[in-house]
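Q: What follows is the residue order along each chain.
2 protein chains.
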Amino acid sequence: MKTISPLPLANVQLTDGLLERMQQLVKEEVLLYQWNALHDRVEGAAKSHCIENFRVAAGLAEGEYYGMVFQDSDLYKWLEAAAYCIEVFGAAAGELLAHAEEACDLIARAQHSDGYINTYYTIKEPGGRFTNLQQGHELYCAGHFFEAAVAYHQATGKREILDVACRFADYLAKVFGTGEGQMPGYPGHQVVELGLVKLYQVTGKEAYVKLAEYFIAQRGKQPLYFERERQQPEYKEIFDLPVIRTAVYSQSHVEPVQQTEAEGHAVRALYMYSAMADLAEISNDEPLRRACERLYHSVTQRRMYITGAVGSTEYGESFTGDFDLPNDTVYGESCASVALMMFAARMADLTGEGQYYDTVERAFFNRVLGGISQSGREFFYVGPLAVNPAACRENPGLAHVKPVRQRWFDVACCPTNIARTIMSISHYAFGMEQDTLYVHIPLACWIHASNLDMTVDTQYPYGNTLRIEVRKGQGIALRQSTLAPVKTLRVNGTPAPLVAEQGYLRLTGLRLGDVVEAEYDITPRYVVSHPKVVANVGKAAVMRGPLVYCAEQADNGEGIACLTLPRTPEFKEKETFAGQGTVLLVAQGLREVFSDEESLYQYELPQKAAAEITLIPYHLWANRGEGEMQVYLNVQ
Amino acid sequence: MKTISPLPLANVQLTDGLLERMQQLVKEEVLLYQWNALHDRVEGAAKSHCIENFRVAAGLAEGEYYGMVFQDSDLYKWLEAAAYCIEVFGAAAGELLAHAEEACDLIARAQHSDGYINTYYTIKEPGGRFTNLQQGHELYCAGHFFEAAVAYHQATGKREILDVACRFADYLAKVFGTGEGQMPGYPGHQVVELGLVKLYQVTGKEAYVKLAEYFIAQRGKQPLYFERERQQPEYKEIFDLPVIRTAVYSQSHVEPVQQTEAEGHAVRALYMYSAMADLAEISNDEPLRRACERLYHSVTQRRMYITGAVGSTEYGESFTGDFDLPNDTVYGESCASVALMMFAARMADLTGEGQYYDTVERAFFNRVLGGISQSGREFFYVGPLAVNPAACRENPGLAHVKPVRQRWFDVACCPTNIARTIMSISHYAFGMEQDTLYVHIPLACWIHASNLDMTVDTQYPYGNTLRIEVRKGQGIALRQSTLAPVKTLRVNGTPAPLVAEQGYLRLTGLRLGDVVEAEYDITPRYVVSHPKVVANVGKAAVMRGPLVYCAEQADNGEGIACLTLPRTPEFKEKETFAGQGTVLLVAQGLREVFSDEESLYQYELPQKAAAEITLIPYHLWANRGEGEMQVYLNVQ
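Chains as they are written, first to last, in the numbering used here: chain A, 34 to 669; chain B, 34 to 669.
In short, the hints are calculated from the structure, not lab data.
Hints may be right or wrong, so weigh each one.
Each pair may be met inside one copy or between any two copies, as identical chains are not told apart.
Only pairs whose alpha carbons sit at most 25 Å apart, straight line, appear in this in silico SDA-like list of lysine to any residue [what the hints assert, rightly or not]:
| hint | residue 1 | residue 2 |
| --- | --- | --- |
| 1 | K607 | Q291 |
| 2 | K207 | T609 |
| 3 | K605 | L638 |
| 4 | K435 | G160 |
| 5 | K641 | R335 |
| 6 | K520 | S632 |
| 7 | K605 | I315 |
| 8 | K641 | V626 |
| 9 | K520 | Q635 |
The structure presented is a predicted model; accordingly, all values stated were derived computationally and were not measured.
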């Protein structure tokens, strides 16, 4: 079924615009900063000890284990991001290459002779291997390692770390299964399935995809493995939180193919759905495909914030119910939106339908990019849509919501996840089918593959034009998005019809020197939520193309809840504080003015006075210190 | 300073109106139901075991302790409520008298020879007496016992249970203090101070008030007692929640006299402030009085819901910060509003200012009365101002919010607290100064004391007229409230001036046969919150006199968040489903109508269609099954 393949990162060189700048930031700042954080060299940041755990496990140092049971995964995701950076920038990646080599070497040295790698179970619980699959995160760490190993192999052509990964995967394939002497278990935190699929894709080794299939097929089978596991004498509790022991939390309550609603821990859920989509495609598994479609619908039509944030509650970092999308108590973890991008892109792969990239864009340009500061050294874990800094400090129900980005975290999954996503954005943005270029997300770049040589010029998502110059390649499939619909399309100045098939405007018969031009409709517009999202009734959000906007105290003064948008969305556009062509919006709206600024309760309705309302892109919020922020504002 | 004394309950016979009906309900249903609940005879209710604990402690039965460490207090508060009922109704209280006698007997039998009473430390931790003052609740239970014993003595004239209480208090006075061989501790959960003051008031024994003063004065002194206590080898943790171990949770972070903001566990805080007000009056302690005024201001002008609910977070059942008053995640425990009534009434006593009764009325007529169902057999612990039943089920951050009242609770402090407050409402409503009647809250009744004989006719809070016929007594001080201002006042038909002194309209020189008539302004009006209460900006609540109104799904259909109140508060009045002169309000407003009822995100602003909006008194909500409810609605 799949005919569109991703372009290798090395074949796409971003040349301009927001993402080119973000990739430069990742190369120049983010990955070096994170490397230092993993070495505990960042002052004022939460302690990581991640590298040191590997050094101890490898026998290069003496010491205790420190950190969460899944601390290893931080290095793996860093390595994956570094690999993409090396693939994109080549020699310009500079010292990152040496650091990545050091990371690979450390990982290899921490490997046991049977292939197993995990520093927690090597240092702290040497006898406990696989005794707590629900909470132990060994397979989770393995999954991130496999993804990193494949990325590093693809970036450098080197085989060493790939071989280390294969030895580990071979070992897992022996241990897990329903055969004689095997453990009928599966991961508490999914992701190993995705890593195994990638290992299969580069090695062609069927055992890896079979193991991934087994993990998905076995999950949720009665009697539940995690319940049996807890009865074993060698079982040791790792986490205290009761929700972790519920089956729904880890999506093991029902077999995945039977699942209908997005439930439980959002990152686990979305990694699993992504793996299900991979496997549905590889095995042409129709029931699994239908499950993916149901779950995609549940997420995106019932349980997703306008920013692409998912996971409405901090308790268990979980999905809650349909239309339960509180703006302030939201969790909306960065990693969950990364996982949503992965799921949506795989759904597009699986079905050939472009519409799924609307969700990729929504999550990426808002929640994921919003997870990192302009300096590249601070990160959000949680993604609120309304922030009142005083309440975040004083109300324990908002303790998880930080009004400004943090330097590092005790659970530091998000920073490296954001980095790997920015560095591999071209995997999402472009595809290739023989000599046709698929533009899922318009980014300025030079594309140079064996059948393709094209230059893409655009300032998207800020700019509304696209110009592609063809040097090699016969076709272009330009995605027709609902967030920023193509309103004009021209080939060498001649209008082309705006008829989309499977979500793409297809141009064929192109040749050297042809110029394709498109114009997107990114006029700012109001977006309202379904009436069951009770907090948003009477309010609207503003989107310009895929970008969600928000009001910040820095532009609008204190009391942004008092701002009221005009009934008609008319905005002036200016450059934001961040410069570089980023666009802010100014509306002539109203502000509720209270005659009494003291009393808690008062009998006079506030007057509505004219007020200029400034909105900035959500991904840029909280770059000017602490202040109020709201995505949804009252509307006249 | 204090010159206004409360009228004994026996001297005030409610004759008509909402409160007369509520007191009948308490007598006929509530107290018998609760007596059965304490005996575990209510099907489908949470297990109490409270009576059985006493039976085991008294040696009348064998068995284990069951329940929270403070389970005893449920019987004490029940006994206090029963005592008030007996005082109000006399022989008409029927079988309650025998039950109350049985309760007194059980308590007396559970007393140790040294005076100590506590079934948990008698049965379950016999060696642990006073080893964990922070969490053990022995002094909390003692306080509620003292209040009950005084009430029962006042109701019946009997001394037995009062003597039991005095023996316990004498024992406490020996144990606690800074003298040689004494423990320099104080209660984790305040209330014993209030009980000791009441014991002092009926016995005149200075030692009791001294002990109360000591508990307040010692609290918060460095080094903190609770921190030292935790270091002792015999210390045992009772509760797992970390917040309980913080000093601010139990208001022991600073000496009470220095405190400026309402912080920590709301019930503890307000019982303590009540005791501080008592002691400030008894000792004419000016710094303590100023502390009370500061704290009252902090609560009522910064941290109190419009319904008189307090405690913005479930985490630690606590106050949070200024203006942090979320409608949905609120805690707003019934007991906290009872405690707020106690504090406000004591502030009125202390200062002679009537204004404080505005808070008593607000808390009583809304949050406290709203805590009990029409049947008298179901209760709210938590007092939300916006309920979406689906979200309560599905979002763990709302797990504490119940869309319907419950039969009983594992922690069952609220039902008996509501009962004792309803039965003693005349203590709040009326006062006496020589031959002057103070009407703090207008209730229909016959008042017959040695210097007073008057009949009060009113349907307040639903009706807007008051008529007092004087048979004996020379003065009436009618409170001028801000919630329902007196707009006309007449003596024998002749208008009297509306000049309030200290919050009272004073009439003097009255004589037999005089008739005083007043008319209150209870025209429904909009109330808006301070703009920093962000969830309420653009919204208004409706109040009619002291009654807060709300919209329920039962009247308005699904989607009450879509209702929009008209700019001008014009309402038609009808009788509610509850009948009996209760008033609902109907406005011609608007409803947001969404063109697309499916999509989570949509680009068209909803249209506003004409819609009738029905509002019912908040205290009557959730009497017609589960449904949406909101106090604040969008306003045009």
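Q: Are the hints correct? Go through all of them and say.
A: How the hints compare with the structure:
1. K607 <-> Q291: Neither, since 50 Å and 52 Å both go past 25 Å.
2. K207 <-> T609: neither (56 Å within a copy, 71 Å between copies)
3. K605 <-> L638: For K605 and L638, only the inter-copy Cα distance (20 Å) is at most 25 Å; the intra-copy one is 30 Å.
4. K435 <-> G160: The answer is neither: 39 Å in one copy and 46 Å across copies each exceed 25 Å.
5. K641 <-> R335: between (34 Å within a copy, 24 Å between copies)
6. K520 <-> S632: Classified as between; 23 Å across copies, 52 Å inside a copy.
7. K605 <-> I315: Neither way: K605 and I315 sit 49 Å apart in one copy and 66 Å across, limit 25 Å.
8. K641 <-> V626: both (6 Å within a copy, 24 Å between copies)
9. K520 <-> Q635: between (50 Å within a copy, 19 Å between copies)
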